[in-house]
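Asks: Sequence:
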Amino acid sequence: NETTIVSGSAYGPLRVWDLTNDTSRVLGEHDEPVSPVMKLNETTIVSAGEDGTLRVWDLTNDTSRVLSGHNLLVSSVMKLNETTIVSGSWDNTLRVWDLTNDTSRVLRGHTGSVLSVIKLNETTIVSGDNDGTLRVWDLTNDTSRVLRGHRIGGVLSVIKLNETTIVSGGVDGTLRVWDLTNDRSEE
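FYI, in my numbering the residues of the sequence shown are 7 to 193.
You may find that some hints are simply not true.
Calculated pairs, DSS-like style, for lysine-lysine (alpha carbon to alpha carbon, straight line, at most 27 Å) [what the hints assert, rightly or not]:
hint : residue 1 : residue 2
1    : K45       : K125
2    : K45       : K85
3    : K45       : K166
4    : K125      : K85
5    : K166      : K125
6    : K166      : K85
Note that these hints are calculated values from the structure, not bench results.
Kindly produce the complete structure, drawing on both the sequences and the hints.
Replies: So, in C-alpha cells, the structure goes:
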C-alpha cells in the first residue's frame, strides 16, 4: 500500500518500513543477499535471493515459505496472476510457479543468465538474457522465439509499452523499441 515499503539487502534481512511513523521491522532473510522483491497482493510479497530460492512472505504474521528449484542466483521475478509467478535465474532458466501447491515448470532456451522478465499478457512473457537476446514465450505450450538486436552484453531491463511493443535496455548502452508483430527493432 502507500504507507508500507519492503526492502531487501545484500548484507541483512528484509525490512518492512512503515512510512506513517518512520519505523521498520525485520521480516526475515535468505541465506544469501536478496535481489528483487515483488508485491503479490496487499498481504503477500515474494523475495528472490542469490541462494537460488524465492520466499513467499505473509505480511500478516511475518512467516515465509521457500520455493526451491533454481541452481543459481534468482535475478528477476514477476507476477503473472494471483496464483502464478515467473522467476528468471543465472542458471539460464525461467520457472513458472504455481503458488497453490508451490510447484514449478521450467522454461529452457536461454544460453546465458536470465536478467529480466516481464508479462505481456496472461499467456505471453518476455525475458532478457546476458547474451543480448530476448525471448518471447508462449506459456500455453512453453515455446519461445528469439529477438536479436543488442550488439554486446546482456538485456538488463524490458518494459511493455503495449501488447505489441516493448523496449529493452542493454549493457551495450542502447534502448531498442521492438515491434512484436514482426520481431523487428529500432535503436
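Asks: For each hint given before, does the structure comply? Return the numbers of the non-compliant ones in rising order.
Replies: none
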